[in-house]
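Novice: Sequence:
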Amino acid sequence: MSVQVWEETFDQLVLQRSHELPVVVDFWADWCGPCKALSPALEAAAASRQGKIELVKVDVGANQRLGALFRVQGIPAVKVFRDGKVIDEFTGALPPAEVEAFFDRFVASRADDLLAAGDELSLREAAELEPRRADIGVALAKARLGRAAENAALDAVADHEGDFAADGIAARVRLSEARLGTDAFDALDRGDRDGALDGLIQALRELPRNGTAPGALNQDEARDLLRRAVVGILSESDPADPRSRTYRRKLAAVL
-2 MSVQVWEETF
8 DQLVLQRSHE
18 LPVVVDFWAD
28 WCGPCKALSP
38 ALEAAAASRQ
48 GKIELVKVDV
58 GANQRLGALF
68 RVQGIPAVKV
78 FRDGKVIDEF
88 TGALPPAEVE
98 AFFDRFVASR
108 ADDLLAAGDE
118 LSLREAAELE
128 PRRADIGVAL
138 AKARLGRAAE
148 NAALDAVADH
158 EGDFAADGIA
168 ARVRLSEARL
178 GTDAFDALDR
188 GDRDGALDGL
198 IQALRELPRN
208 GTAPGALNQD
218 EARDLLRRAV
228 VGILSESDPA
238 DPRSRTYRRK
248 LAAVL
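Counting with the working numbering, you get residues -2 to 252 for the letters of the sequence shown.
Everything hinted at is true.
Here are the simulated DSS-like cross-link-like pairs (lysine-lysine), alpha carbons at most 25 Å apart as the crow flies: (1) 54 <-> 82; (2) 54 <-> 33; (3) 49 <-> 33; (4) 82 <-> 49.
Derived DEER-like restraints, expressed as beta-carbon distance ranges: (5) 49 <-> 152: 27 to 33 Å; (6) 246 <-> 28: 56 to 62 Å; (7) 113 <-> 40: 22 to 28 Å; (8) 80 <-> 250: 51 to 57 Å; (9) 113 <-> 62: 41 to 47 Å; (10) 71 <-> 238: 41 to 47 Å; (11) 161 <-> 26: 39 to 45 Å; (12) 37 <-> 187: 41 to 47 Å; (13) 71 <-> 152: 39 to 45 Å; (14) 183 <-> 213: 18 to 24 Å; (15) 118 <-> 155: 17 to 23 Å; (16) 128 <-> 183: 26 to 32 Å.
Just so you know, the hints here were simulated from the structure itself, not pulled from any lab data.
Glycine included, C-beta positions come from ideal geometry on N, C-alpha and C.
Let the hints inform the model, and build the full structure from the sequences given.
Specialist: Below is the structure:
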């Protein structure tokens, strides 16, 4: 929960405290509808980083001198203090995802810490904390693929349709069921990204022309799944990597 700060407590609770950890100040007013809309997102972002960042609120109506001192020209106005100074800010009601991204500039969330840990138990907890994050879902799916739990991997990305990496995982599971591209995925699991991409693109080239493909897939289904698998791998590569550009050209040519 946030703490209400007044002129007489601002120095201690914001400026001095900001020498220990970042302090996010929400300049608001009770009559401000956008302020009330933004507040839950701020509270959630601060709560997920408990102990690493603090959120306080300043009622600009009751603390007009503070509003003037920090040049608050519209509300809600959110300012981040570090070492006694404003280091970042925004004005207006942002959606929750953008609020989370804003907080991420200063301190990682609990879910980020769990994602960095990387083990399946930590990733499962991270997915429970932030179920809308596709990067966590993809990491959890990969961990499950590592123990050949393909259905569980599919569950991990089920709610992230439209994310290239998540779609690539889902495509991999379906292709594996059809025994298509398995050597390529074995190469990927060994850390051989180029070998995996070469194998998947070659599988695209070798699709039969009679409208059928392995595992009861038709040609269009197999082609789309292989494409998604390639795009999924490339989506996690550096776009500036010359090899990634080369593989994008290869994919475009075979399609």
